[in-house]
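**Student:** Chains as they are written, first to last, in our numbering: chain X, 4 to 427; chain E, 4 to 427.
Worth flagging that the hints you see were computed from the coordinates, not collected in a lab. Watch out, some of these pointers could steer you wrong.
Chain copies aren't distinguished; within one or between two, either way the pair holds.
[As the list claims (entries may be wrong)] When the alpha-carbon atoms are kept at most 30 Å apart in a straight line, the in silico DSBU-like pairs for lysine-lysine are as follows: (1) K23 - K147; (2) K376 - K313; (3) K376 - K336; (4) K376 - K191; (5) K59 - K281; (6) K313 - K126; (7) K191 - K59; (8) K336 - K281; (9) K191 - K23; (10) K281 - K213; (11) K147 - K126; (12) K23 - K59; (13) K23 - K327.
2 protein chains.
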Amino acid sequence: MGRIVQKFGGSSVADAESIKRVARRIARTRGEGHDVIIVISAMGDTTDDLMDLALKVSPRPKSRELDMLLTTGERQSAALLAMALSDLGVAAVSYTGSQAGVITTPTHGNARIIDITPGRVEKALGEGNVAIVAGFQGVAQTTKDVTTLGRGASDTTAVALAAALGADYCEIYSDVDGVYTADPRIVKSARHVQEIGYEDMMEMAASGAKILHLRCVEYARREGVPVHVRSSFSDQPGTWVKNQDEITKDDTMEEAIITGVAHDRGEAKITIAGVPDKVGEAARIFRAVADEDLNIDMIVQNISRLSDVKTDISFTLPMSDGAKAIAALEAVKDEVGFDELLYDDQIGKVSVVGVGMRSHPGVSATFFDALAKADVNLQMISTSEIRISVIVGADDVDRAVRAAHTAFGLDADSEATVYAGTGR
Amino acid sequence: MGRIVQKFGGSSVADAESIKRVARRIARTRGEGHDVIIVISAMGDTTDDLMDLALKVSPRPKSRELDMLLTTGERQSAALLAMALSDLGVAAVSYTGSQAGVITTPTHGNARIIDITPGRVEKALGEGNVAIVAGFQGVAQTTKDVTTLGRGASDTTAVALAAALGADYCEIYSDVDGVYTADPRIVKSARHVQEIGYEDMMEMAASGAKILHLRCVEYARREGVPVHVRSSFSDQPGTWVKNQDEITKDDTMEEAIITGVAHDRGEAKITIAGVPDKVGEAARIFRAVADEDLNIDMIVQNISRLSDVKTDISFTLPMSDGAKAIAALEAVKDEVGFDELLYDDQIGKVSVVGVGMRSHPGVSATFFDALAKADVNLQMISTSEIRISVIVGADDVDRAVRAAHTAFGLDADSEATVYAGTGR
């Protein structure tokens, strides 16, 4: 008998009926004799509704209080799930993040897990209970205040608990049945990926695949926790995320250089035009942006065509941070002395990801060639050891994804039977 | 400069606008230089909505989990209020009952406060903050689980905090502006009571006046905390609840024997007919009811007119407990050997309350005489040292209240300007 952590997302517990359905699934796992630890998200739109309420009360809600407010959503679903399990004759106890020993940094709204002290959870398991932990939250080590880990971070809670409790693996349930070689809504012939290495999964997550949160995969890799991403609406196996060298070699796939094609429509591009080409200007610019706690993704610097003493710097960042970045840059305009700011959110990022890239030269050539043939214009290029990303016009994203998928031989012979929802 | 606890009920924080209104009121008190501690209820119907959700998930929700669920309501309003205060430039921090050190018994759903350890609240006050505490909740001393104090018990939290923090007084804000000599919706000439002794207030609360929770008044009396019951919708003074001997003598009221007339439509009457008149039968009956944790109010035993070896026993209890009591009694029917059970919820209780009763004989005669003249038939009678209660038919309640109010000289010369909502 093993020990298993299961995490259920908001779409899996959208209403009373789905809570009962999830309870039946947990009861089945428990019935097989395993120790079961559940991490649960808030019901459906609860978090968004609470955020709306906060904004009605205050235009700029204090982050400490926002955390107090938002964490109630997961507490509610945790308590409700415990009730539903009891009705099925399964002993269950719910815990807040704080009660479960999720110790974090004090950064409200975006705290990081420092430590897990799961004494109460361990005790509950020992007494034969299913332990249900409210996701997305913890308690700050220093201030003892309630913190949130940032959105989507219930996955991280689950993996962290799995590591702390020595679980065999961690299952992440949502409305999608795992990772595909591309978004099946765009590429009809996308293949379901049965196993993927941590590194590929990290690059996929960083490139816009919404299956798992990047921080969660990082945590899983560091702690060596196998993660099974699967659908709460079916019994089909999902995708296992594990060590690259433990992945089963599939004969038909042994030639695959690229694991998948990811895309992201959530970024915007900012170009700072006419920056004086002097030492320290770039540092000054990115310091101004960093001080606002914004996450920059790609950065490209070109020599301007207009002058040889000025340069243009472009970077991308989450669209939601766009206005804040523009304001921060306007504030240093005189100091830096650039000409103008250009903002463009009609863009998309398309990435090909795969550890196979390391041993196969020519991947970028194949990629760019495919994009050119599909008549896709490239605005920015960025690469890592196992990923190549390009920024293209928003209208070109679908065409670029399909072209890359075909060019790297990822197309399945037939359309896959896919159960995929609208993402989380 | 003093130290003041203010408690705001659910109707005072029904939506974002009212939360902002309450924040402005608190800011005013804080602006006068006082230390301010706020105890807050859940917004409007939140608690009822959460209870409905629980019942959709589980027909009999586990009480531990119900407490986890329901306590989120107060946490939300506390966090929202802290945000609203910050916007007004008033430093404020919200705390759960547990964080505020509200230590209770482990009886989920109906815990009692054992102790208050307000270290974090005291620290927050010392740092110049308004401290906002989620009402209705605490943490069990033994299990460390979250508990609720029973509905309406945010008042008790407020008084207990006032005692523990050495506050000058405790203000209870709701949608009514204090205690009246009778319900102004029934008696147009009811007078507003400016000051009332703890004992009278306890009897009024026990007799159906919904102004303050009985347990709250008991706590205030024991700890000597003056309580100011007032409306959050006006600046008029409300009713001060304090020691009897500190009450200002009002010339025009010095003859008052009766402080007020209370009524309660929330009870039902159960008659156990034909109980064998033997030692121990009554004990057996009430043990059966007590085992179900039901609160019995009045008990009357009559010799049956049909037989001299059998007797009838009647008692009243909250209507909501009626079905449970009937079931418990049916279960012991053979053992006790009574003839039948009669259930009647078309009744009401009318009580006259006043410490003046102690020194004035003849109060019951005046009361019963007035009821007879108003053609009100009495079903049961019960008295304490400072209260006389009668059970009458539901249709007779209003007439009985008016008759008693007039008979004891409580009618005001003119109709009072009343701000009274629909109760809490």
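**Student:** When Cα atoms must be at most 30 Å apart, do K336 and K281 count as within-copy, between-copy, both, or neither?
**Tutor:** For K336 and K281, only the intra-copy Cα distance (15 Å) is at most 30 Å; the inter-copy one is 97 Å.
**Student:** With identical chains, the pair K59 and K281 could be close in the same copy or across copies; at 30 Å between alpha carbons, which is it: within, between, both, or neither?
**Tutor:** neither (46 Å within a copy, 66 Å between copies)
**Student:** One pair to classify: K191 and K23, alpha carbons no more than 30 Å apart. Within, between, both, or neither?
**Tutor:** Neither: 33 Å inside a chain and 52 Å across chains, both beyond 30 Å.
**Student:** Using 30 Å as the alpha carbon limit, work out where K376 and K336 are close: within a copy, between copies, both or neither.
**Tutor:** neither (40 Å within a copy, 89 Å between copies)
**Student:** Between the shortest in-copy and the shortest cross-copy C-alpha distance, which are at most 30 Å for K281 and K213: within, between, both, or neither?
**Tutor:** neither (39 Å within a copy, 75 Å between copies)
**Student:** Given a CA cutoff of 30 Å, do K376 and K313 count as a within-copy pair, a between-copy pair, both, or neither?
**Tutor:** Cα proximity of K376 and K313: none, with 34 Å in one copy and 102 Å across.
**Student:** How do K23 and K147 come out at 30 Å by Cα distance, when the copy is not named: within, between, both, or neither?
**Tutor:** Classified as between: cross-chain Cα gap 27 Å, same-chain 33 Å, threshold 30 Å.
**Student:** How do K376 and K191 come out at 30 Å by Cα distance, when the copy is not named: within, between, both, or neither?
**Tutor:** Close inside one copy (20 Å), not across copies (87 Å); limit 30 Å.
**Student:** 30 Å Cα cut-off: does K313 pair with K126 within a copy, between copies, both or neither?
**Tutor:** neither (65 Å within a copy, 55 Å between copies)
**Student:** How would you label the pair K23, K327 (within, between, both, or neither) given a Cα cut-off of 30 Å?
**Tutor:** Classified as between; 27 Å across copies, 42 Å inside a copy.
**Student:** State whether the alpha carbon distance between K147 and K126 is at most 30 Å within one copy, between copies, both, or neither.
**Tutor:** Cα proximity of K147 and K126: in one copy and across copies (22 Å, 13 Å).
**Student:** Within a copy, between copies, both or neither: which one fits K191 and K59 at a CA-CA cutoff of 30 Å?
**Tutor:** Answer is neither; intra-copy 42 Å and inter-copy 39 Å both fail.
The structure shown violates the earlier hints numbered 2, 3, 5, 6, 7, 9, 10.
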